[in-house]
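Undergrad: Which chain is which? The protein sequence lines are A and B, in order.
Quick note on this note's numbering: the first sequence kicks off at 222 and runs consecutively.
Quick note on this note's numbering: the second sequence kicks off at 222 and runs consecutively.
As the list makes no split between identical chains, a pair holds if one copy fits it or if it spans any two.
Pairs of lysine to any residue, SDA-like flavour, derived with a Cα cap of 25 Å: (1) K439 - R541; (2) K439 - V257; (3) K568 - F458.
Just so you know, these hints were derived from the structure itself, not from any lab.
These are the residues of each chain, in order.
There are 2 protein chains.
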Amino acid sequence: MSRPLSVGLIGLGTVGSQVAERMLSWGPQLSRRAGVELCLKKVLVRDVNKRRPLNVAHELLTDEPAELLDDPSIEVVIEVAGGDEPMRSYIQLAIEAGKHVITANKVVMARHGPELLDLAAERNVDVYFEAAVGGGIPLISTFRVDLQANRIERVSAVINGTTNYVLGRMASAGLTMPDAVREAQEAGYAEADPTDDVAGFDATYKLAILASIAYEIKVRPDDIYREGIDGVEPVDFRYARELGYAIKLVAHTQRHTGRVEARVHPAMVPVDHPLARVEGPENAVFVEGDLVGQVLLVGQGAGGRPTASAVVGDLIDLARSIRRGVQSRPSFSFDDRIGVVPIGEVKTRAYFRLRVEDRAGVVAAIGQVFAEEGVSISSFIQKDAWSHDQTAELVVTTHPALDASLQRAREKMSALEPVRAVSSFLRVF
Amino acid sequence: MSRPLSVGLIGLGTVGSQVAERMLSWGPQLSRRAGVELCLKKVLVRDVNKRRPLNVAHELLTDEPAELLDDPSIEVVIEVAGGDEPMRSYIQLAIEAGKHVITANKVVMARHGPELLDLAAERNVDVYFEAAVGGGIPLISTFRVDLQANRIERVSAVINGTTNYVLGRMASAGLTMPDAVREAQEAGYAEADPTDDVAGFDATYKLAILASIAYEIKVRPDDIYREGIDGVEPVDFRYARELGYAIKLVAHTQRHTGRVEARVHPAMVPVDHPLARVEGPENAVFVEGDLVGQVLLVGQGAGGRPTASAVVGDLIDLARSIRRGVQSRPSFSFDDRIGVVPIGEVKTRAYFRLRVEDRAGVVAAIGQVFAEEGVSISSFIQKDAWSHDQTAELVVTTHPALDASLQRAREKMSALEPVRAVSSFLRVF
Numbered sequence: 222m223s224r225p226l227s228v229g230l231i232g233l234g235t236v237g238s239q240v241a242e243r244m245l246s247w248g249p250q251l252s253r254r255a256g257v258e259l260c261l262k263k264v265l266v267r268d269v270n271k272r273r274p275l276n277v278a279h280e281l282l283t284d285e286p287a288e289l290l291d292d293p294s295i296e297v298v299i300e301v302a303g304g305d306e307p308m309r310s311y312i313q314l315a316i317e318a319g320k321h322v323i324t325a326n327k328v329v330m331a332r333h334g335p336e337l338l339d340l341a342a343e344r345n346v347d348v349y350f351e352a353a354v355g356g357g358i359p360l361i362s363t364f365r366v367d368l369q370a371n372r373i374e375r376v377s378a379v380i381n382g383t384t385n386y387v388l389g390r391m392a393s394a395g396l397t398m399p400d401a402v403r404e405a406q407e408a409g410y411a412e413a414d415p416t417d418d419v420a421g422f423d424a425t426y427k428l429a430i431l432a433s434i435a436y437e438i439k440v441r442p443d444d445i446y447r448e449g450i451d452g453v454e455p456v457d458f459r460y461a462r463e464l465g466y467a468i469k470l471v472a473h474t475q476r477h478t479g480r481v482e483a484r485v486h487p488a489m490v491p492v493d494h495p496l497a498r499v500e501g502p503e504n505a506v507f508v509e510g511d512l513v514g515q516v517l518l519v520g521q522g523a524g525g526r527p528t529a530s531a532v533v534g535d536l537i538d539l540a541r542s543i544r545r546g547v548q549s550r551p552s553f554s555f556d557d558r559i560g561v562v563p564i565g566e567v568k569t570r571a572y573f574r575l576r577v578e579d580r581a582g583v584v585a586a587i588g589q590v591f592a593e594e595g596v597s598i599s600s601f602i603q604k605d606a607w608s609h610d611q612t613a614e615l616v617v618t619t620h621p622a623l624d625a626s627l628q629r630a631r632e633k634m635s636a637l638e639p640v641r642a643v644s645s646f647l648r649v650f
Numbered sequence: 222m223s224r225p226l227s228v229g230l231i232g233l234g235t236v237g238s239q240v241a242e243r244m245l246s247w248g249p250q251l252s253r254r255a256g257v258e259l260c261l262k263k264v265l266v267r268d269v270n271k272r273r274p275l276n277v278a279h280e281l282l283t284d285e286p287a288e289l290l291d292d293p294s295i296e297v298v299i300e301v302a303g304g305d306e307p308m309r310s311y312i313q314l315a316i317e318a319g320k321h322v323i324t325a326n327k328v329v330m331a332r333h334g335p336e337l338l339d340l341a342a343e344r345n346v347d348v349y350f351e352a353a354v355g356g357g358i359p360l361i362s363t364f365r366v367d368l369q370a371n372r373i374e375r376v377s378a379v380i381n382g383t384t385n386y387v388l389g390r391m392a393s394a395g396l397t398m399p400d401a402v403r404e405a406q407e408a409g410y411a412e413a414d415p416t417d418d419v420a421g422f423d424a425t426y427k428l429a430i431l432a433s434i435a436y437e438i439k440v441r442p443d444d445i446y447r448e449g450i451d452g453v454e455p456v457d458f459r460y461a462r463e464l465g466y467a468i469k470l471v472a473h474t475q476r477h478t479g480r481v482e483a484r485v486h487p488a489m490v491p492v493d494h495p496l497a498r499v500e501g502p503e504n505a506v507f508v509e510g511d512l513v514g515q516v517l518l519v520g521q522g523a524g525g526r527p528t529a530s531a532v533v534g535d536l537i538d539l540a541r542s543i544r545r546g547v548q549s550r551p552s553f554s555f556d557d558r559i560g561v562v563p564i565g566e567v568k569t570r571a572y573f574r575l576r577v578e579d580r581a582g583v584v585a586a587i588g589q590v591f592a593e594e595g596v597s598i599s600s601f602i603q604k605d606a607w608s609h610d611q612t613a614e615l616v617v618t619t620h621p622a623l624d625a626s627l628q629r630a631r632e633k634m635s636a637l638e639p640v641r642a643v644s645s646f647l648r649v650f
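Please put together the full structure from these sequences, using the hints given.
TA: Right under this line is the structure:
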């Protein structure tokens, strides 16, 4: 065997400690599979004196980035600390120093992935990022290798475990959103500030990466239509069940002629669709290629061990190619000319829930609004007249229509005199 | 770009014509992704004059194996004809001639894979076989790359579309097995002679390949316990439903200390298990790794287009590595010392269905048999007394027990005087 491959690790949190643990305790197996000895040479942490559950030799630790980034003997930098800066800069510095990079950082890869990959190709090093999307689910390699003979038609995913846990608890236990979020925090599935997950940012980062890889185009998080789950109310789950749907935060992208559709929002998913069955912190990605048809990939989308599985899998793959003195993977090429379809031009089915006054003419007025917008109604339910205030609840689902028409219908209905509120609007998947 | 990569294709049937079609009609895209022009140089067929739906230039066709195998300009041989000989010999000759091989041939890979891979490593060429298992589902690369940081604990799969279609029709339409098989034949899901599928051979080949890759050991089809679906009767689906199970042909392998378990047989699968939901010609593979946890991969397991997706995906991957002048993938190494656990030593739950005489003492006698064998009963149902012949149907499910004990209990019950027949025995997954 050739000389050992020296690795620098940035971050020793949930993921980093699992990566370090596997490298330290499974050395011979990993080295045999990689064809070269893997040596953990330095670990960059914020506080070298912090007590950690993992037994990492103190001399491996440093709080000085230069000790990793400027050490020419370190050929591979693994970044699992997360967040945009300073991580983006560290990754850039590593690439510029001729080091290969493995990262689990979805924010950096979603925002700066194409530039970093271009830079890496220029410097003849590789950037691996399987762990940035879907934890241990094999996604990047599936697109990069297995599905290369396909034109990818669409990718639909439930890819944020926190919101899936929250929506699941609202559905099964009838919790309100704040209670379900609190429970998710207590169970360790949600951050103290849950905005990143609940508002759909996390799913948007992941979809940006998936769409870029699937179509070989530059899709930025800002290009993606994003809506969080905070508008979903407990009663919506009752109607969903009655109509045969589950409510999920769906990340969806689809190929159009010369453009792609890319959106993240809560949606009614038919109960017999595989995405409807994804439970709790699980992630699922549904891919359709023109040759392969539909492929579904399911697994733990986050957490230290599944993410470490992806990181160390990348490390073995990278080590094999370094050992042979080649850049094993073709550099990415991203097409700039393909744009994202504005949400208004997307065609979708929809679910409206309205609180209306319980009197003659209401249904006619609402029907009229949909007719004006050319939206065809699929189902209509009126229930639960509240005698105390003479209101009733109306639920309407539609056939596919332009999102812009659905939004105009929503506004017009809100302005109708007997409509107290359009309490809920969800797209139907 | 460097000079074109010449490819020879063996077989122009369901899969071969899709491979040829994609290569001929999607040339520029494939070449861009592969980094080298891919040129289909020769196609070996049985009858060059047969009329084919696909428009392949007549001069590409040959019925003379040597025209492919002895042509030094052909660097890659794709074999999608199927069956053991002469395909095994053709693959061996191709390797010996220094050609890389891509095959969809599960029989050859299951029976002779380790030897062919050894030979390929010796000659410094590659053998790709993603298409041999699970059609377009990314399996081999998942094990070879993505899950390399894991110790694989178990793989459970519904991996034969024909039997899954047959069992599904028996469950949903109450068909008898012969009727369901006939329907599968008419729908193109079963061969004229369905033995290979119905008796479990096909699933056994695929499991042999999966287990070999998952554990890096030599698992031969003959090492695998195999039982076909022909013992399953329509009434079993009624009990399955009542008890909360679906009936599937399951291929299962699991790691034990120093040995592995590997078996193919019909099984009762809990309805909430993902494998219970696999419908018709779909395949699903459930993998558990010690780091990644559980991963589920689902897709079309057979058919021309999904299989061609895997074959051409392999071709692109191979072409990339050839272009860089390296053997991109590490050669396999298979451990010879690890054996397969005999079925008698496997622990499993079981379902028994018995026809018994409807008189006193029967239940006690059956309970006594299970007690003697140390098998603990989980559920006991007596139903459907047939007044015309004074018999009743008894269904017993057990807690986990040694398969040998279950078989002895089965024999002892058959010999009991009031037991007319042990009509059905199924393992519970």
